[in-house]
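So the sequence lines, in the order shown, correspond to chains A and B.
Per the working numbering, the first sequence runs over residues 1 to 391.
Per the working numbering, the second sequence runs over residues 1001 to 1540.
Be aware that a few hints might be false.
Okay, derived cross-link-like pairs now, SDA-like style, lysine to any residue, Cα gap no bigger than 20 angstroms in a straight line [stated by the list, open to error]:
(1) B/K1426 - B/V1183
(2) B/K1008 - A/S62
(3) A/K356 - B/K1512
(4) B/K1512 - A/P317
The set of hints was computed from the structure by calculation and includes no laboratory data.
In this text, all values refer to a predicted model and were calculated from it rather than measured experimentally.
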Amino acid sequence: MTKVQVGDKLIGWSTNEDVRSKGGSGGLVTAVFASALDKGLVDNVIILKKANQFEAVPVITSDVEEVLKSAGSMHMVISNQTKYLRLFENAATIAVAVKPCDMRGIREQQKRNMIDPDKVFTIGLNCGGTMAPHKIRGVVENIYKIDPSQVKGEEIEKGNLIIETLDGEHHTHSIDELEENDQGRRDNCRYCSIKIATNADLACGNWGVVGELAGSGTFVEVMTEKGAKFLQNAIDSGYAQVEPASEKSEGIRSKVNSVMLKMADKTKEQVFAAIEGNKLEDLRKELENCIHCGACKEVCPSCACGPEAKCTLYSDPTDDYDISLYHLIRFLHLSDSCIGCGQCSDVCPADIPLTKLYRRFANPIQDELNYVPGMDDRTPPFFVSKLEELE
Amino acid sequence: MATKKGTKFSEYVYTTACPGCGFGCGVYLRELYPKGENHILSIDYRKTSPVNEGKLCRFGVTLADYYENAEFCLNDCFDDEIESVQKEAILRAADVLKDVKSSEIALISVGNTTNEEHMAFMKMGELLDAPVNTGVNNIYKDIGKLHVYTAAETTYEDIEHAKTIYLFINPYISYPLLTRRLVHAKRNGARIVYMGLKKIPIACENIKVKPCTSLYEVSEFCPDSESVIISDITPYTNSKRLAEIIEISKLNETGAKLLFMKPFVNSAGAGHLSRHTRQKSFEQIINEIKNGSIRVLFFLETDLINICLNPEIKDVLKNVETLIVMSSVKSPVCDIADILIQTEPFYKKEGTITNSEGRIISLSACTGKTLKTGFYAICEIIKALGQKPETFEDIQKTVFEEFKIEAPDEFKIVKPDVKKYDDVKKMSEKLEVCCPADAPETNAKFIYEMNPFIWHGRRDNNDYIELSPEFIQEQKLLKGYTADITCACGNIVKTTRFKPSDVEPGYIFSQKKQPFAKAPVAKVKIEMTHVHKNEEEKRE
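Can you build the whole structure from these sequences, using the hints too?
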């Protein structure tokens, strides 16, 4: 009998053939969730309910069958699991699959007492980037010349965006070419520096799954004791099977990650090149179309403030400042904890590139303080009263 | 949430549209039910909506609060199982309607509900020989055959590809989701010309156009085939200005595209379905209530107390013998209704709406079930009036026929097949300018910037006025203090906060309904008061 331990690197899959074939990379995530619910390790599981070919909404269930039915990769879907989890106010134990940025948000909320770490079990999924649903629909229709209703799934692999249609055909196009025309991944994904969710309890994905198991197995790295317990439960209860990952598998996974990170670093250099001219005027111009909807605060996974926050209380609609204090306070307030997830840009009704603006403030601060928010349990630097203590 | 450990949840997610205005923004409304407790309502951003791509304005972002504070508790009222209390109200409504002449009934539905409910209401109106009034058809009457050019012909995407955009509305305030389309247009090289009395940052040119100025005198308004003209049609639209926009762009055959935004979620649908009915203006209806010729007033998802700028409207409505209100939200008119028929909140409704572009958008449930309580309530009245009501499917079929579609597809624009007249003539010369009469004791003109918060009577942080720094200096107003605004008649005074803004000196703007202004443009007097704004807040 396999004894799962922290640090283990394994390849796993669902023992349920239906789940294995339907699920993303062998259905291991589905198997772990279903077994956790079945054996009472959690009260609820968050699954993604497909709204259409390009969008899904997170919904909660305590039904094992519903979890099994939800098998199927929708990793390109952008959801806001952090804010969704907050709705439950720690009233139950919940298992959830997350992208690295989702997990970073959850960790930042945990540090602010908003999400109880004991109530949440997380499986992190590798992420090479996501695409805005309306954008990918347009790309499918106009570049791939495919009827959007015929799309089964999508994947970024070896520099291509692969669209799989219902007839099983794979259609490919260079992601670089798409991104040159702003038709690819979301801006923040292109320079994101976390591709494997090693901040979750289990870090899962298909990178490094080769040979016969390619497409029907998941590479899983056990990151925490809780992760080991949940995976062990899935194995012991007959929902999942695992085998040790080979050195070759580990090497490939690591190589894919490193290629992705190099690309991200290159993009980051381009995006955050020094601004020539008047920086303040540049900022003012970027923010001049703000309609003060407050959506950027509502969706921010790092923000734990209620409606009466510094950014809202110190800004008054009767002020006529060139740049609203709301934004200036938020830029500073989040400079230690912005995770660059892109949620603020996604929802901005004036299409202000907010994530880029937040990162302009956050990059130098986080570099200076040597702090990567959401990756460990370290106290956010701005919580520490004396900055010299950080050194 | 006082929920114990081990709580299990159930959840319903509705794929709906924001009811704030006629833009048609897609949104998910989420009802989360901890076992045995009241639900928690929240929104989720619907990023595949071709209308707003997941983005929402301030009204949409706070939509859960709107419903939490305004909805009736009808969560257990499924489909045709209309609660007994509702049935009693429905039967009372039918009894009242049976006993009056058709000329004594006024039915009003401005478009705050689905095409299907509106159509069922029209069927009820046909039975009573009373047309359904939408509140804007009097404007169409004013502009005569020019109205054929107000039908949907322009999409939000067209804005992004225009060379010149003429704006007659403030997009930031009135229809905030237009902003990003204009941002894209500007990025694509468009010249944006704003015709108003406030400088807005998105505009390349801000042209001073007073409410009483004729567009024929504005040389900067010269649309061509690569132009898009954006204005709106609301119960307060100035018919003369509307006629001039159409005449200059259409009768001169410039080839410019027109986009008329609408104030209510289904204004476009209701307007289209009711286009052939002989309607009355709100003003006409109010006058007929005052003189006693209208005895029964029936509102379908309409609250004139919110919509009308005149604060006396509440007292006027009390004059009708029977006020019947069918509503899905707790709004002021419900408090004075003689018969109140409660229906499910808009986000739970099944059916379709039509947005300002002409997209037919389906309202559905991602998980859970949509409801037809409101629809069935109208059917029950029809039944009580002695006629067999049509089924939902039949009514929906009629709706689709009216829009010439087989099934709704939000990715397609439905351009109504409107008959173009050969002899469309200029009308603007015959129309009056809506300018307030001179009152010597006033020193400013007040202008409303209509927005979803006004239309729905919702509170926001917008209780202030905007005026120019020059005017502030002239009136010796002090920063941090308040100003007194007095109406032209001198009877109503309000102390309010103010904001220096890039507006024309002598003009005052507000995004909130103000007691001192009963019309879209009003003459007022402004004076310094010696109350600090913080003290004012405390007093409130």
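Do the hints match the structure? See the list:
Of the pairs offered as hints, the one joining B/K1426 and B/V1183 is violated, with about 34 angstroms between alpha carbons and a cut-off of 20 angstroms exceeded. With a CA separation close to 6 angstroms, the supplied pair B/K1008 and A/S62 stays within the 20 angstroms bound. Between A/K356 and B/K1512 the alpha-carbon distance is near 34 angstroms, which puts this suggested pair outside the 20 angstroms criterion. Proposed proximity of B/K1512 and A/P317 is supported: the alpha carbons are some 13 angstroms apart, at most 20 angstroms.
Of the numbered hints given earlier, the model fails hints 1, 3; all others are met.
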